[in-house]
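Protein chains: 2
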Amino acid sequence: MSKRPRQDQTDQAAPEPRGSRRRRRTRQSLLDAALKLMAERGLEGVAINEITEQADVGFGSFYNHFPSKEAIYETLCDEVFERFADAIDAQLATLDDPAEKVSVALRHTMERARQHPDWAKFLIREGFSERAVSGGLSLRLIRDLDSGIHSGRFRDRDLLMQFLCIAGTTLSAMSTQQHLTRPASPHSLLVQARQIPTDHLGERLAETVLISLGIDAAEAAEIGRRPLPAVILHSPDKD
Amino acid sequence: MSKRPRQDQTDQAAPEPRGSRRRRRTRQSLLDAALKLMAERGLEGVAINEITEQADVGFGSFYNHFPSKEAIYETLCDEVFERFADAIDAQLATLDDPAEKVSVALRHTMERARQHPDWAKFLIREGFSERAVSGGLSLRLIRDLDSGIHSGRFRDRDLLMQFLCIAGTTLSAMSTQQHLTRPASPHSLLVQARQIPTDHLGERLAETVLISLGIDAAEAAEIGRRPLPAVILHSPDKD
Chain A
1 MSKRPRQDQT DQAAPEPRGS RRRRRTRQSL LDAALKLMAE RGLEGVAINE
51 ITEQADVGFG SFYNHFPSKE AIYETLCDEV FERFADAIDA QLATLDDPAE
101 KVSVALRHTM ERARQHPDWA KFLIREGFSE RAVSGGLSLR LIRDLDSGIH
151 SGRFRDRDLL MQFLCIAGTT LSAMSTQQHL TRPASPHSLL VQARQIPTDH
201 LGERLAETVL ISLGIDAAEA AEIGRRPLPA VILHSPDKD
Chain B
1 MSKRPRQDQT DQAAPEPRGS RRRRRTRQSL LDAALKLMAE RGLEGVAINE
51 ITEQADVGFG SFYNHFPSKE AIYETLCDEV FERFADAIDA QLATLDDPAE
101 KVSVALRHTM ERARQHPDWA KFLIREGFSE RAVSGGLSLR LIRDLDSGIH
151 SGRFRDRDLL MQFLCIAGTT LSAMSTQQHL TRPASPHSLL VQARQIPTDH
201 LGERLAETVL ISLGIDAAEA AEIGRRPLPA VILHSPDKD
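Same order as they appear, the protein sequences are chains A and B.
Residue 1 is where the first sequence starts when you use my numbering, and the numbers rise one by one after that.
Residue 1 is where the second sequence starts when you use my numbering, and the numbers rise one by one after that.
Don't read these hints as lab results, they were simulated from the structure.
Heads up, a few of these hints could be off.
Since the list gives no way to pick one copy over another, a pair counts as held whenever it fits inside one copy or between any two copies.
Unchecked claim - Mimicking DMTMM-like on lysine to aspartate or glutamate, the simulated pairs with C-alpha atoms at most 25 angstroms apart in a straight line are:
1. K69 to E50
2. K69 to D97
3. K121 to E16
4. K69 to E219
5. K121 to D86
6. K121 to D146
7. K121 to D89
8. K69 to E82
9. K69 to E79
10. K36 to D96
11. K69 to D144
12. K69 to D146
13. K36 to E219
14. K36 to E111
15. K121 to D216
16. K69 to E203
My request is simple: use the sequences and hints to build the entire structure.
In structure tokens form, the structure reads like this:
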């Protein structure tokens, strides 16, 4: 919707005393550790002491920051889905064409997934959860789809399925992007054996999705390959 | 490829002594229990004693059937992905049109998912794993895509992305089908609020996928709604 200023955490606006900075760093270490572990094994597969060990923090300090394992998981979901959706939205605000909006959103998502494998794994693991499909990332995708359908830019057919197609294809492309980072993985060997190109997955994802929305194939390829504006996505690791 | 006879478990062809039948029933109870639990919580989130409790079987008998938790998980993957792929393949053998093959395969998958929620949850959870994307279900889908592209039936663009689109859209449609069984779920409320129809997801999945493969929209809708031959899919629960 409207562009938002980035300092949405109001309690961090003033110069920060040292203790508070340390406290914030510890909290972030716990979040990074939980993201890594829960991306691999889910909420149920991870114990609090594993999180504190991975974060190199005393077991007791966990409870200075989060009341429970469920609470840190909620915070992760919020960062991975909601704050990422805010960041993407800020990028899309300057664009008018719904097709370009979809393309830029998907390519940024793939790029972030490439740079942050734990984030990507978490998103893949939780991407079909009720929370994800009913949350901000989904609602904004539906909003952009809707506006493209109303303006006549996208084919007017089955909004739910078009949404599921975009969401599912993106998750599967992210997952493949991860498998392909290991050259000897079964997936890598399979595509090598068939001489299937594996580069530019973000561009190709955008192209494929745009075609499925009714954009002419040549135009979809052109939109998918436009230079992507260099952006600073809000990274939960860095604040 | 070729149609296969259904009795692929040769050791079950002769009349079966009572002890062996009981043994087989116990093994199946363990598999059903593991499927249910691992669909919810994955391999890591489930302990052997939970499987035996759920199956109402003594802890020690587990090891008469499976050497480890990993072994029962392997067997489940094999049933959910490989034997299901065999069953689908047998259904497709009588069809010539690659578009109809894809449609029938996807609709059978959605129908099975509707009838067997644990099976569907397991497939959704493991669907992006390396094993799944490199296994028989994927290889056969790639084969059918390939043949449709070569015959000119499907648009000749980016086989990998077309595969990822079909696989991802199917998983997300299965997942939505599950969320929608609970009328008060966030997903159900969301689609109700927008008056989005939620019936005939299998037909609509087939239609959407065929459009993305380059089939004309009206023809895709017609193929997706053809009467589905009544079939007996090989069910791991029943043998």
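Status of each hint after checking the structure:
1. Taking identical chains as interchangeable, the C-alpha atoms of K69 and E50 lie at most 25 angstroms apart whether they share a chain (11 angstroms) or sit on different chains (22 angstroms).
2. For the identical chains of this complex, K69 and D97 are neighbours neither inside a copy (42 angstroms) nor across copies (51 angstroms), given an alpha-carbon limit of 25 angstroms.
3. Proximity of K121 to E16 under the C-alpha cut-off of 25 angstroms is found in neither arrangement, the shortest distances being 33 angstroms within a copy and 46 angstroms between copies.
4. Taking the closest pair of Cα atoms, K69 and E219 never come within 25 angstroms of each other, the shortest separation being 47 angstroms inside a single copy and 51 angstroms across copies.
5. In this assembly of identical chains, K121 and D86 lie within 25 angstroms of each other by CA distance solely inside one copy; the values are 20 angstroms within and 30 angstroms between copies.
6. Taking the closest pair of Cα atoms, K121 and D146 never come within 25 angstroms of each other, the shortest separation being 28 angstroms inside a single copy and 29 angstroms across copies.
7. Taking CA atoms no more than 25 angstroms apart as the test, K121 paired with D89 passes inside one copy only; the shortest distance there is 22 angstroms, against 31 angstroms between copies.
8. Taking the shortest Cα distances, K69 and E82 sit within 25 angstroms of each other inside one copy (19 angstroms), while across copies they are farther apart (36 angstroms).
9. For the homomeric pair K69 and E79, the shortest alpha-carbon distance inside one copy (16 angstroms) is at most 25 angstroms, but the shortest distance between copies (34 angstroms) is not.
10. Proximity of K36 and D96 under a CA criterion of 25 angstroms is satisfied in neither setting, with 36 angstroms inside one chain copy and 47 angstroms between copies.
11. Within a single copy, K69 and D144 get their C-alpha atoms no closer than 34 angstroms, and across copies no closer than 45 angstroms, so neither meets the 25 angstroms cut-off.
12. Taking the shortest Cα distances, K69 and D146 never come within 25 angstroms of each other, neither inside one copy (37 angstroms) nor across copies (46 angstroms).
13. For the homomeric pair K36 and E219, neither the shortest alpha-carbon distance inside one copy (39 angstroms) nor that between copies (46 angstroms) is at most 25 angstroms.
14. Taking the closest pair of Cα atoms, K36 and E111 come within 25 angstroms of each other only inside a single copy of the chain (18 angstroms); across copies the shortest separation is 35 angstroms, beyond that limit.
15. For the identical chains of this complex, K121 and D216 are neighbours neither inside a copy (32 angstroms) nor across copies (36 angstroms), given an alpha-carbon limit of 25 angstroms.
16. With identical chains, the CA atoms of K69 and E203 are never at most 25 angstroms apart, being 37 angstroms at best within one copy and 41 angstroms at best between copies.
When the structure is compared with the earlier hints, violations turn up for hints 2, 3, 4, 6, 10, 11, 12, 13, 15, 16 and for no others.
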